[in-house]
Amino acid sequence: MARSPAQKPPAVHITQDDVQRFCEFLYRRTGMMFSDEKRYYIDRRLAERIAATGSPSFQAYFARLRSDTDHEIEHLVNAFTVNETYFYREEHQLRCMTTDLLDRILRGKRPEEPIRIWSIPCSSGEEPYSIAVWLMENWSEVDSYNIEIVGSDIDTRALRAAADGIYGERALMRLSRDVVARYFQPTGSGEYQIDPGLRNSIQFTRANLVDGQDMARYRGFDLVFCRNVLIYFDDASRRSAAENLYDCLRPGGYICLGHSETMSRISPLFRVCRFSDAIVYQRPEADDAAE
Amino acid sequence: MPFVKREIAKPAKPAAADSNEGSVLASLRSSDPEVRWGAARALGHRADEVPLLAAALAAETVERVREAMITALMRIGDEASVTALLPYLRAQDAGLRAAAIEALQALPDAISPFVTALLKDDDSDVRILASELVRNMPAAEATRILCDLLAREQHANVCAAAIDVLTEVGTRDAVPALRACAARFEGTPFVPFAASIAIARLSGTET
Amino acid sequence: MPQNDRAAAASGKRILVVDDSSLVRLYCRDALEQAGFEVEQAINGIEALEKVLAQPFDLVIVDVNMPRMDGFSFLRALRRSAPDVATLPALVISTEAGELDLDDARAAGANFYLVKPVSQIDLLRHAAVLTGAST
Chain C
308 MARSPAQKPP AVHITQDDVQ RFCEFLYRRT GMMFSDEKRY YIDRRLAERI AATGSPSFQA
368 YFARLRSDTD HEIEHLVNAF TVNETYFYRE EHQLRCMTTD LLDRILRGKR PEEPIRIWSI
428 PCSSGEEPYS IAVWLMENWS EVDSYNIEIV GSDIDTRALR AAADGIYGER ALMRLSRDVV
488 ARYFQPTGSG EYQIDPGLRN SIQFTRANLV DGQDMARYRG FDLVFCRNVL IYFDDASRRS
548 AAENLYDCLR PGGYICLGHS ETMSRISPLF RVCRFSDAIV YQRPEADDAA E
Chain V
2 MPFVKREIAK PAKPAAADSN EGSVLASLRS SDPEVRWGAA RALGHRADEV PLLAAALAAE
62 TVERVREAMI TALMRIGDEA SVTALLPYLR AQDAGLRAAA IEALQALPDA ISPFVTALLK
122 DDDSDVRILA SELVRNMPAA EATRILCDLL AREQHANVCA AAIDVLTEVG TRDAVPALRA
182 CAARFEGTPF VPFAASIAIA RLSGTET
Chain S
136 MPQNDRAAAA SGKRILVVDD SSLVRLYCRD ALEQAGFEVE QAINGIEALE KVLAQPFDLV
196 IVDVNMPRMD GFSFLRALRR SAPDVATLPA LVISTEAGEL DLDDARAAGA NFYLVKPVSQ
256 IDLLRHAAVL TGAST
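Residue numbers (my numbering), protein chains in the order written: chain C, 308 to 598; chain V, 2 to 208; chain S, 136 to 270.
For the record, the hints were derived by calculation from the structure and aren't laboratory data.
You may find that some hints are simply not true.
[To be verified] Stretch-level coverage of chain S by chain V, calculated; a stretch enters the list once three of its residues show a Cβ under 8 Å from a Cβ in chain V:
(1) 157-168
(2) 213-222
[Stated by the list, open to error] Which stretches of chain C does chain V cover? Using the computed rule of at least three CB atoms under 8 Å from a CB of chain V, they are:
(3) 322-328
(4) 395-405
(5) 538-551
Glycine included, each C-beta is placed from N, C-alpha and C at the ideal position.
Extracted from the complex, chain C is given alone in its bound form (with noise of 0.2 Å):
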């Protein structure tokens, strides 16, 4: 709703309670959950959103959350998550990966067969390439290994982006020079692309997690990292994802979900498995092992 720079909106008041409500609806629908040291925080993000959508109390707009109107459950959880994507984010998943999960996943393999690993969403690759780095710069057996890394999304945009592989400096913040120097090439623009050879490595794809003949195409994969998509889904929207992921999955796979989501929130289908550097899902090795 424009509104003349004179005409600035008044302040919508907002109370404890209506704060308390705000939280616990947040709490339920997402499991985010905010310690009081963290209320002014809270406070602010939820007096943008009131404004944001010209919403003239904190009831009318609450009602707004409720029903996702104009997908304010997306807008919320967007503001209150980071979402810049960079290269090793959520490095304690990776860690996880090469200290607990590929040890287990090897356990079920023949040598012959590759690791199959998967990114979705990709986005424009920082996430699938992490991957790669990682497991080059972290795993011993890296090169015993056949290592299968697929990264997927349904933006073609974001695919041709991470085909490209060139990045600016923001994106490689929590990498070494060193590491940056092994892997990437300096444009001259001030960005850097990712290796050729490590760009042909990866194998991207259009894909659609709901659409459950689409993923048919995806099958035994070993570890699957779909962070931060899954929360913006509606109910049936994250059952039928998650079901599609299970297909996907090779029985006793991973997968690994953002870290301000859970399993509690989307699907009874996983094992809750707990690693020292994380907590991840697993697809039963048989349906009797289910929980």
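With the hints as your guide, set chains V and S onto chain C.
Only chains V and S this time, still in chain C's reference frame:
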């Protein structure tokens, strides 16, 4: 480098709708759980699938296949789907009840005609679960329905469930009914506490 | 036991309250925190498993009827978990009071069973016993 690429198959052309549908529906009765799983996941787009999905769900013993069938019913999400899922509110198995509640909660429009009757069910546990179904309804309707319930409900746990939902959904109009309920259950654990929280949350709201 | 001694005995003891009702969780938290317990919460059995596997607890209080994973399924999964977690004491609170429900609870691995609505006093008494915070 250790990385290998394998061609991912191009998307299959969707088979002619009708000829495929019959065989997918028949697959719901397969003795192979994997086939039933595939069938359930392919279904859920046509209302005429509901009777066979409902029958298959009633006979299903493998949990993930059961979940996929429930998802299919959720996708269809019409009154027939709701009718198929409602009996599971009374299931002995807590897991089945959990699955049914989750599905029905996601269908506020389709569940709407059934809610009033469910809230008058003889079984207090059904009334408790039914209160939960009101959570995703619009505020005014939800408030009216739950205040009606609070006015006549004798069972403390049903009132507790209704109050919990009102705390999220309700408007200021609910405050009198909440006060009356708290008074009626004075001395009963939890209910007065719940009512006082709800009153505090809702008092500042508009109708 | 005098208030101060009770608080001291409870101090450091961690309880996970699992119920899909925010009011029930609030009610339990109020009583338990006042008594000196540290309280975390979860909304269903899957979140409860995640929390129990991530940090140590001295007691889990769990409702039966929750969407996505009910209390009994959670208990069965708990009892199949790693040894440091499988023996976690569990208090089931439920709206149901029949013999069958008590049997189900015992079979799933509950240590104790309370029928709702539960008073804060009963909750505290059982929490104290099950966490070993009472003499």
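Results for each hint:
Residue count for the stretch 157-168 of chain S with a Cβ under 8 Å from a Cβ of chain V: 5. That meets the three needed, and the coverage hint holds. With 0 residues having a Cβ less than 8 Å from any Cβ of chain V, the stretch 213-222 of chain S misses the three-residue criterion, and the hint is violated. A count of 5 residues in the stretch 322-328 of chain C with a Cβ less than 8 Å from any Cβ of chain V is obtained; the coverage claim is therefore met, three being the minimum. With 0 residues having a Cβ less than 8 Å from any Cβ of chain V, the stretch 395-405 of chain C misses the three-residue criterion, and the hint is violated.
With 7 residues having a beta carbon nearer than 8 Å to a beta carbon of chain V, the stretch 538-551 of chain C meets the requirement of three or more and the stated coverage holds.
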